[in-house]
Amino acid sequence: MSSFADLLGGFATVLSPENLLFAVIGVTLGTLVGVLPGIGPAVTIALLLPVTYGFESPIPAFIMFAGIYYGAMYGGSTTSILLNTPGESASVATAIEGHEMAKRGHARAALATAAIGSFVAALISTALLALVAKPIGQLAVSFRATDYFALMVLALVTVTALVGSSLVRGLISLLLGITVGFIGLDGISGQPRLTFDSPTLFNGIDEVLLIIGLFAIGETLYVLVKGRTRPGQVTPLEPVKGGFMWLSRDQWRRSWGPWVRGAGFGFPFGVLPSGGAELPTFLSYSYEKNRSRGKQEFGKGAIEGVAGPEAANNASFSGVLVPLLTLGLPTSATAAVMLAAFKIFNLQPGPQLFDKEPDLVWALIASLFVGNVMLLALNLPLIRVWVKVLEIPRPVLYAGILVFATLGIYSVSGTVTDVLIAYGIGVVGFLMRQFDFPIAPTILGAILGPELENQFRRALNVANGDLSVFVTRPLSLAILLLAAAALLLPYLPRVIARVRGEDPEKARKLAFADED
Amino acid sequence: MTDRPDETAPAPGNPGGRSAGAVEPDDFPSHEPDHSSDSVVGPLVVGVGLVVVGLVLLTQVFAIDAEGFSPEGPKFFPLLVLSLLTALSVVYLLQQVRAIARRTETLPAEKFSHMPAAAILVGLLVVYGFVLGPVGYVLATSAFFVAAARTMGSRHLVRDVVVGVGLALLVYLTFTRALGVFLPQGVFPL
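Sequence lines, in order, name chains A and B. Under this note's numbering, residues 1 to 516 are what the first sequence spells out, in order. Under this note's numbering, residues 517 to 706 are what the second sequence spells out, in order.
Please keep in mind that the hints were generated in silico from the structure rather than gathered at the bench. A portion of the hints provided could be inaccurate.
Said to hold, decoys possible - Derived SDA-like pairs: lysine to any residue, alpha-carbon spacing no greater than 25 angstroms straight-line:
id, chain 1, residue 1, chain 2, residue 2
1, A, Lys356, A, Pro450
2, A, Lys226, B, Ile636
3, A, Lys226, B, Leu655
In this text the structure is predicted, and so the values were computed from the model without any measurement.
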């Protein structure tokens with residue numbers, strides 16, 4: 001029951017006026033960026049990192065970040081349903097069924113089932129997070145450097161294998177990210193590495209530069225080159241038809257099962273290093289398509305196809321927080337950015353975090369509950385505001401994004417060099433999109449890379465340089481074998497097809513979308 | 517921000533890039549936009565570029581001032597990562613070469629359309645980065661905003677100027693006064 005008492009303490013922290021204000025700012029900003037196509041929660045948090053330098057306590061900052069993340073999920077579903085352009089990649093499933101519903105005049109029902117489903121799933125998964133976080137943290141105390149190294153390899157490899165459509169390109173992205181992490185003075189020996197003897201690079205490349213460059217600037221250039229500088233057609237909202245919270249009795253009955261099942265898919269896949277929300281939303285979508293009562297409606301706007309994936313999407317975020325808080329292991333791009341935020345406040349997420357910073361951890365968890373209540377209250381009644389946001393002319397929007405991107409970089413360092421480096425990274429990000437290299441592994445690699453190397457060298461220091469140390473400890477070996485299996489997993493459909501004697505070219509590699 | 521007849525008009529083609537009606541019922545939709553480029557040169561250039569970057573960085577690894585490549589030293593791990601990166605870059609390059617030779621589907625490369633606009637935008641960004649300090653935040657940002665919006669196809673000069681100046685002033689005042697972040701004041705005393 002001590003977790004429960006801790007959680008109550010967390011609520012006490014969050015419900016102070018100042019923290020509530022930051023929660024409101026977070027969920028509002030989050031919904032805003034979720035609604036806008038092209039900028040996700042990762043960029044928004046990265047853009048706001050410099051703002052938090054002036055904060056004395058990390059608690060308001062993290063309350064705001066959690067609000068941004070959840071807000072982006074709610075906002076993303078609005079865009080998917082009304083515009084059929086997923087605001088963020090985990091909303092792809094919602095975009096199919098939800099947009100069909102909107103076209104048939106059920107936009108409000110689709111929006112409602114997405115929002116309420118997100119809310120229900122968030123409550124379930126945050127409760128699970130509160131339950132399992134501390135025990136897992138205690139378990140992690142016995143982990144050694146080799147285990148951490150193996151876990152990080154597993155996280156990096158699974159995200160890389162599951163994101164994007166080619167393992168070679170994914171791994172190149174990942175290794176490029178890790179390489180960026182090498183740049184600068186080596187933390188242990190103090191030697192400059194990969195700096196080309198230029199002192200400007202001695203401090204390395206700030207993660208904020210990399211994230212803003214790859215996501216914000218790269219995306220803007222990509223959008224421009226694709227010629228997508230006009231907003232799409234927003235499906236008009238139908239007049240309110242009655243029902244409780246825009247859902248008829250029948251729609252409530254059809255929604256609650258997918259909500260709960262979606263949460264069931266979302267949370268465990270969020271906990272496991274599986275690349276965030278894409279896999280569980282995909283699983284929830286295909287489960288509902290094949291099993292639910294409305295399966296014959298799929299493709300024509302089935303409410304289950306909105307309810308399930310949206311719930312899974314939201315539940316996975318609380319799940320992602322489990323490895324992030326207990327092991328310091330980010331498993332999605334946004335989680336990686338949050339890890340960077342922890343570093344700004346000199347906090348090291350991991351088993352000790354629950355002992356050293358219990359206020360922060362439990363306030364963060366409590367803020368997830370509070371934030372979701374706010375989002376439910378904010379989302380449906382203010383739907384007309386979000387529709388207006390969707391109609392912002394794209395040139396104005398993207399010019400604004402570039403202004404904020406530059407502001408974010410400039411306020412980190414105040415030097416023109418860093419601004420130019422970020423623009424250069426932006427061009428690289430644009431090229432990566434053009435040639436279908438996934439972005440998320442690069443971000444994860446750059447943020448996790450230095451710690452990966454640290455654990456690697458720490459383990460080898462203890463073992464006097466004997467590389468077999470990674471395979472002699474059963475736990476490390478098991479995790480590393482899992483990582484190897486994860487590399488092969490996406491090719492499973494093709495292998496099965498070959499075994500069955502079918503044409504392996506037909507069975508495409510399991511692939512999920514990129515970014516947040 | 518009410519007059520925008522051209523932006524709300526339906527764009528030619530499919531602005532979202534996807535149409536739900538086209539989704540195969542048995543297939544989870546691919547999030548990828550269409551890779552409708554006939555360019556076979558692009559991936560080749562990228563492949564060669566990656567290999568060169570890998571090799572150049574490898575020389576930097578050998579330049580690290582430490583003795584030997586003991587696994588716990590500062591050179592071993594970068595060597596491992598960069599060797600893998602270079603090897604995979606070679607694989608990427610060979611994939612494209614093989615695809616061209618066998619006339620099968622080549623690696624994805626999207627069309628480079630609107631490139632002049634993109635190049636102008638990058639140029640604007642670079643100029644913006646340089647003049648930010650000397651000219652000052654508000655003036656540089658307003659001018660950049662208007663120019664960038666115009667490059668991306670906006671034809672509402674008055675609207676862009678109003679939004680640009682407003683945004684620049686708002687950001688400048690919030691960041692310098694409320695958040696205590698330094699931004700260059702430049703030629704305008706504010």
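Hint check results:
{"no.": "1", "hint": "A:Lys356 x A:Pro450", "in the structure": "holds, 23 angstroms"}
{"no.": "2", "hint": "A:Lys226 x B:Ile636", "in the structure": "holds, 15 angstroms"}
{"no.": "3", "hint": "A:Lys226 x B:Leu655", "in the structure": "violated, 30 angstroms"}
In this structure, only the earlier hint numbered 3 is contradicted, and the remaining ones agree with it.
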